[in-house]
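Trainee: The lines below spell out each chain.
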Amino acid sequence: MSLTAATPARAAGRTVAWRQPVALMLRYAVLILILLFALFPFIWTLAIALTDKTAGTSIYAFPQSLFPQRVTLHNFVDVFRSFALGKALWNSVVITALTVLGTLLISALAAYPLARFRFPGSALIFGAILATLVLPSETTFIVNTLTLKKLGLLGTYGGVVIPTIAGAFGIFLMRQAFVSVPVALLEAARLDGASELTILTRIMLPLTKPSLAALGIFTTVTTWNAYFWPMLVLSGAPDKAPMAVAVLKLKGQFNYDPFNIAAGAIIMMLPVLIVFLAAQRLFLRGMEGAVK
Amino acid sequence: MRVPWRTTLLSYTFLAPALILLGVFTFYPLLYGSYLGFTEYNGARFAQGLDPKWVGTANFEKLFADPLFMTALQNSLKYLLVVPALQLAALGVAVLVNKQLPGMAIFRAGFYVPVVTSISLAAVMWEWVFNREGTLNWLLRSLGLTSPEAQFGWLNSEVWAFWAVMLVTFWRGFGYYMVLYLAGLQNIPEELEEAAVLDGASAWQRFWKITVPLMRPTILLCTLLSTIAALRVLEEVLVLTNGGPLNSTYTALMYVFSKAFQGFDFDYGLASAAGLVVAAVALVLSFVNFKLFNRPEEEQT
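Chains L and D, in that order, give the protein sequences. For reference, each letter of the first sequence is one residue, going 1 to 292 in our numbering. For reference, each letter of the second sequence is one residue, going 1 to 301 in our numbering.
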């Protein structure tokens with residue numbers, strides 16, 4: 001590139017001026033197409049969930065099935081009654097709540113000394129924790145299942161939750177947040193005779209609320225959506241299965257009813273979607289922070 | 001500098017829960033799982049409380065003689081075709097939404113929604129799209145690309161099921177990489193773009209001469225992440241096709257899972273060996289990726 005090309009560029013700029021609105025429209029057209037690709041399955045599922053199935057319409061009657069003739073909420077009630085979805089919903093809530101609490105607690109506790117003290121082994125421990133991000137984990141689920149069996153945790157909420165709550169992502173995120181808290185603040189507290197636990201709970205945690213929130217939201221979304229691990233741990237205890245597992249079981253049922261399944265899918269998705277849309281900025285920032 | 005013992009004690013007390021859990025559920029399974037790959041160990045031995053029996057490389061010999069594993073490995077490598085498509089799309093979309101224009105926040109959030117969707121829901125929704133009477137066939141028919149007689153269920157087709165599963169991976173992934181690319185794009189100085197515009201560089205030229213070279217570290221990271229993710233694809237296959245039809249979508253990690261948990265004998269040893277092979281391939285591919293994208297600056301101006 002050379003700067004001497006400035007004059008012809010300006011001339012060219014004048015002739016292409018009319019192209020700008022076209023380029024802009026093109027940009028929006030492309031973006032809308034991609035948005036349709038991203039959201040179409042949801043839109044269709046929502047339409048099916050709201051369709052009155054007694055009207056006798058097929059979900060495959062395109063494009064009419066996208067615009068239900070008779071709208072009803074009956075499918076939502078139906079899926080709760082006939083498939084005991086309430087239980088699955090409760091399981092999802094319990095598993096997610098325990099995982100989020102556990103993750104926040106363990107991450108904050110571990111991150112505090114890693115952010116604030118130099119002690120024998122600190123570099124090694126931090127390195128080992130970060131290494132778990134890249135270590136090949138292909139065989140861990142086999143051994144973890146065996147361990148849970150030995151501990152008598154297979155088929156319990158604990159079996160799903162406990163192996164997942166200590167993770168490099170959470171510890172790393174909290175450590176970065178703690179590092180940015182001014183040292184003077186901590187020293188003042190120490191002079192006042194505050195214990196380290198008090199400093200952590202009264203100073204560090206309140207000051208790093210955004211990071212805690214980001215980690216909490218992130219963990220909520222991944223746990224709520226997790227399929228493989230809960231499916232494996234709870235394969236012998238279907239009554240404890242969360243919605244992510246139960247919804248797929250619905251699909252395999254004999255009396256396959258697409259309207260009910262669509263309703264179940266919407267019920268499962270709504271909480272995550274609300275959390276995501278409400279905390280979008282935090283969530284995406286947490287994502288970016290995780291790779292830097 | 002001497003560290004007061006109280007600080008050390010306190011640090012380890014705070015770290016203890018995390019270290020114990022990481023030890024039991026991350027480091028121990030990594031080591032023990034690698035060891036299991038060289039042993040004979042199955043559900044029966046486990047139930048009787050017997051220890052794994054060291055058999056050297058027997059499992060690996062068995063693996064490479066197993067046509068199912070070879071198919072699985074080939075499918076996993078073929079699955080890597082999703083990586084360039086995913087990365088180009090994600091980077092392109094990131095460039096499109098990076099401009100300050102009305103509505104961009106909506107697009108960014110909308111593109112990310114598939115990422116926060118459970119694979120279970122994706123399976124339910126996409127099955128309706130791929131169904132014989134589903135949307136994909138309707139769309140192709142409406143565009144005049146296929147005739148009504150030529151319709152089929154995409155997930156039941158030995159030829160197309162593989163690509164249908166890959167499309168779901170693509171759908172679930174491009175928003176994720178888009179966000180990472182957006183983070184990288186924010187770091188490109190605006191003056192650089194403006195200078196190029198004054199120089200009369202077209203959008204296309206700016207993309208290849210400015211954006212791509214400056215985004216190299218991000219591209220490396222994203223390609224690395226998505227290569228490993230593509231190699232480890234399991235959930236999509238499990239919920240959409242369960243490896244079928246005729247093993248056409250059976251991937252390497254699917255093999256690990258089904259040997260360990262779906263057969264009659266729960267062959268943990270063989271499954272662990274297969275897992276080690278996948279891990280080795282992942283390591284090699286990461287290395288290749290790194291070499292490819294971390295080239296010296298020759299072609300940058």
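A couple of the hints might just be wrong.
Pairs of lysine-lysine residues, derived as DSS-like cross-links and limited to a Cα-Cα distance of at most 25 Å, are as follows [claimed, not checked]: (1) L:LYS249 to L:LYS149; (2) D:LYS53 to L:LYS149; (3) L:LYS53 to L:LYS249; (4) L:LYS87 to L:LYS249; (5) D:LYS53 to L:LYS150; (6) D:LYS209 to D:LYS53.
Non-contacting residues of chain D with respect to chain L, defined by C-beta distances greater than 12 Å in every case (computed) [claimed, not checked]: (7) PHE27; (8) LEU36; (9) LYS62; (10) ASN247.
What the hints contain is simulated information worked out from the structure, not anything from laboratory work. These numbers were taken from a predicted model, which means no experiment stands behind them. Note that the Cβ used here is the ideal one computed from N, Cα and C, for glycine as well.
Trainee: Tell me the hint numbers this structure goes against, listed in increasing order.
Mentor: 6, 7, 8
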